[in-house]
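The lines below spell out each chain.
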Amino acid sequence: MSSAIVELNDVIKDYPLGKLTVHAVRGVSIRIEKGEFTAIAGPSGSGKTTILNLIGCVDVPTSGKVSVAGSLTNDLGDRALTALRLHKLGFIFQSFNLIGVLNVFQNVEFPLLLQGGMSKGERAKRVDRIVEEVGLTAHVKHRPNELSGGQRQRVAIARALVTNPAIILADEPTANIDSATGHSIIELMKQINDEQKTTFIFSTHDQKVMEQARRIILLKDGVVVDDNAQNGDGQASGAAGEKLSGTDEVEE
Amino acid sequence: MISSLRVLLLLTFRSLFSHKAKSLIVGGIIAFGTFLLIVGTSLLDSVEASMEESITESVTGQLQVYSADARDALSLFGGMAMGEDIGEIDDFAKVKEVLEAVPNVKSVVPMGINNSTIMGGNDFDRVLGELQVAVDTSDAAGVSDSIEQLRNLAAYMASDYENRLAIAADPTESQEALDTLKTVQDDAFWTDFKLHPAKGMRTLETKIAPLSDDGRLLFLRSLGTDLTAFAKNFDRFEIIEGERVPEGKRGFLLNKRLDDRFMKNIVARGFDSLHKSVVEDGDKIEGDAKLEALVAQNVRQYQRILFEMTPADGRALRTELARLLDEDGELKELLKTFLDVDDDNFLERYTFFYDQIAPKIQLHEINVGDTVTMRTITSSGYFKAINIKCYGRFQFKGLEKSDLSGMFNLIDMISYRDLYGMMTDEQRAELSQLKEDVGVKAVKREDAEAALFGGDGPVESASTPKDKSHRDFDLDSRLKVEVQDVSGDTFTQEEIDHGMARHAAILLEDPERIDETQVALEAAIAKNDLNLKVVDWQEASGIVGQFVIVFRVVLYIAIAIIFLVALVIINNSMVMATVDRIGEIGTMRAIGAKRGFVLAMFLLETFSLGMCTGTLGAGAAVGLMFWLGKVGIPATTDVLVFFFGGPRLYPEVGMINILFGLVVIVLVSLISTLFPAWIATRVQPIEAMQRRD
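Residue numbers (our numbering), protein chains in the order written: chain A, 1 to 252; chain B, 1 to 693.
The reader is advised that the hints may include incorrect statements.
Unchecked claim - Calculated lysine-lysine pairs in the DSSO-like style (CA-CA distance at most 30 Å, straight line):
1. B:401 - B:290
2. A:88 - A:190
3. A:141 - B:594
4. B:332 - A:141
5. B:594 - A:88
6. A:125 - B:594
7. A:120 - B:594
8. B:594 - A:65
9. A:34 - B:594
What the hints assert, rightly or not - DEER-style ranges, computed between Cβ atoms:
10. B:24 - A:10: 22 to 32 Å
11. A:145 - B:24: 43 to 53 Å
12. A:20 - B:565: 37 to 47 Å
13. B:690 - A:221: 38 to 48 Å
As the list claims (entries may be wrong) - One side of the interface only, derived from the structure: several residues of chain A facing chain B at Cβ under 7 Å:
14. 53
15. 58
16. 60
17. 82
18. 85
19. 91
20. 111
21. 114
Treat the hints as calculated values from the structure; they're not laboratory data.
The structure presented is a predicted model; accordingly, all values stated were derived computationally and were not measured.
Idealized CB from N, CA, C, for every residue including glycine.
Please model the complete structure; the sequences and the hints are all you need to start from.
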């Protein structure tokens, strides 16, 4: 059990919403091993983004335990969580969230600069390599607004990768790009997962994207309704896919 | 650390450029604020420096000393009527010796202000004098000219007495005067005069002359000083007519501005005032009640020209006036028409006045070279009068048009002491003998009770100034005071130095070191037991010197208000920019940026913007000041002339003004960013997840 890179135990997360309380996650236990390529799937409001936030250390649970890369996030303050995000995690956002004022190179370099302790030359080598890996060498001087959605998401992937994080979290990484590009983005992530054994966890509500995952954790109304790892098969299963297809709806 | 500073800088500049509206607003405010601050403080500093020059180089020197026992503060500009007790410096020579030994002291000049009166000219007496000369030299033409003038004057006096008769409660005196005046208007009197001039002169002197008014009573405010030392030490002082009072001689110098304002022929003064308004200020007489009244007054004062002219000059003037006005008539009528100026003919008539009329009349009450009788009440309460020669007219360079600077004439120290009432030991002995004889004790007011009802022994206070008031002067002038003719006396420097002064100006080699010198002077004074206090020029000049402090306070309040507004606007637009950037900040936080990074990013942003636009504003300010320093700011009013130290202010901008401006503006912008920056640090990384581009 202790070898898991991510572990959620009986996690509950409530949000106050006016006078009401939204029970976003109602008792979830998940265990993800190092090197897994996992999709967290489910319809809108099923709690997948919340779970991703909890794993991403940008949020802490109301109750239950979240352990990321060996640290229990419940116990950590802002500084420690920030350090954890900086050194152990990489983020890919639905809206890419590139820093508009920086060019591709600078965006990718940014986490390295925050980390510090690397010479300019080392940084440049690393950034160039990663940018090449995601196929954007030709666009290294471009600003985000000069790139297409797919290209922007590649930059985001490069930025997430550049610090060699233990886990890369992707929140609906294909939601804002067309399906063909989305497919290639997931393929890229998969390829990196294969080569570098980086753990990937991404959320999605897209059937096709989900099917590219090696493990699918299906959520509904804040609880896990299916997890093919627990079902025993290593590949995306028809069962989980079918369960989702019934409730598929477009988020927002 | 260095690398994150690099990314911070990069982020800063990039975001400054990408949030153009915000940068423009905030930058604009900062630039404007810096501009205002630098221009404001530079102007003020320049005004202060110029005013300092005006004051220190015309009368005060950098420092002034006066008796520590003084009950009132020395106030050389403004205030200082007559009653102030600023004490006395008993032996100036000792003070001079001690103070001039202090490092950085260039020289010490003794001073004291005196108010005295002189009698202005009496036309009747003057013409009578001319008649006497004409009679003595058997100048027939001169005699008949003078007779014509005297008859005119007598007619004028008669009209005056007729007015008095109409309103007098007791008509006897006026009626008698009228009857007497009638006799000289009669041809018979003058026929007789030509036969028996001596008898006629007697009648005129004893019967007619007393009926004429006394001359105009003029007040002279004079600064008694070592005139040689004064001329050497006060750079603004310059003689414009006549000469300096020769070394060791008694004499006085007229202040041109005072002279023009108060002792010039009244019609000439009217022309001067009109010239200033119409020509210099570009005002129109027509429709301006004040200027119209001035013209009307000039018309009424035509006699002040008519009676001051010899008949020959009068005839010449009549011809010229008839030509100018293109009409014929009596001189009196022509003069009245001439004086009734309007906007179209003013300049022509002004020129005519100074070219044709001024040389024919006595333009000033006192001419250079005249010896006049100065009367005053001395500090010991006695009437005192001395004859003293006017050697010249002076002005303070650059302050020719200012009524604030040095509104006094200059008189030599010895005469000043005489008028002040310092007695020689001999006189003192005589006086105390006199007092003993009559059994009088001089008693100070505060000691009166003790003296009257017992207490200490007799109190001697020959030198305590008594309350004096203008009211007493009239009485004074009617009392027969023995007039000392002292104009021939000469004095050594020793005599000038050894004696009383009321206060003294201290001039420094390096005015910048005024503070330390003041301390050194105070130490020297204490060490030598001189019982003096030292004040700087600003304090010594009284209320005028403190105007600048008021200006400064007003400027700082204005700047504070502007900056408060700037603070609110900058704060507001930064908060809005922050809200705009919540997603970006959240992303940075999610990726691993610490709160400190976000804070630094915001502060650095405003700091750099502040430095850049502040420098721009400073550049504009320096440019403006440089330009103003070249062309100068014209002093449009008399007061400004004084503050500007001349007709134009040539401001300078100091490094200190620029630094002060930049530091203040950067502080203001940083303070105004603290709140938005704090908001930014509170942005949660989770915000990144909600971001939708």
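_residue 690 of chain B paired with residue 221 of chain A, Cβ distance criterion 38 to 48 Å_ = For residue 690 of chain B and residue 221 of chain A the Cβ distance comes to about 21 Å; the hint is violated.
*Do the alpha carbons of residue 141 of chain A and residue 594 of chain B lie within 30 Å of each other, as the hint requires?*
27 Å, holds
*Using the C-beta atoms of residue 20 of chain A and residue 565 of chain B, is the stated range 37 to 47 Å upheld?*
43 Å, holds
*Given residue 114 of chain A as an interface hint, is the shortest Cβ-Cβ distance to chain B below 7 Å?*
Since chain B brings a Cβ to about 5 Å from residue 114 of chain A, closer than 7 Å, the hint holds.
*Okay, residue 145 of chain A versus residue 24 of chain B on CB: inside 43 to 53 Å?*
Distance hint for residue 145 of chain A, residue 24 of chain B is violated at roughly 21 Å.
*Proposed interface contact between residue 91 of chain A and chain B, which counts if any beta carbon pair is under 7 Å*: 5 Å, holds
_Would the hint linking residue 120 of chain A and residue 594 of chain B be met if the CA-CA limit is 30 Å?_
21 Å, holds
*Quick one, is the residue 53 of chain A hint okay against chain B at 7 Å, beta carbons?*
Since chain B brings a Cβ to about 6 Å from residue 53 of chain A, closer than 7 Å, the hint holds.
*Is the Cα-Cα distance between residue 332 of chain B and residue 141 of chain A 30 Å or less?*
97 Å, violated
*Against chain B, is residue 85 of chain A within 7 Å by beta-carbon distance?*
Since the shortest Cβ distance to chain B is 5 Å, the answer is holds.
*Tell me if residue 82 of chain A is really an interface residue toward chain B, meaning its C-beta lies closer than 7 Å to one of theirs.*
5 Å, holds
*When you check the alpha-carbon spacing of residue 125 of chain A and residue 594 of chain B, does it fall within 30 Å?*
At roughly 25 Å apart (the allowed maximum being 30 Å), residue 594 of chain B and residue 125 of chain A satisfy the hint.
Violated hints, in rising order: 4, 10, 11, 13, 16; the structure is consistent with all others.
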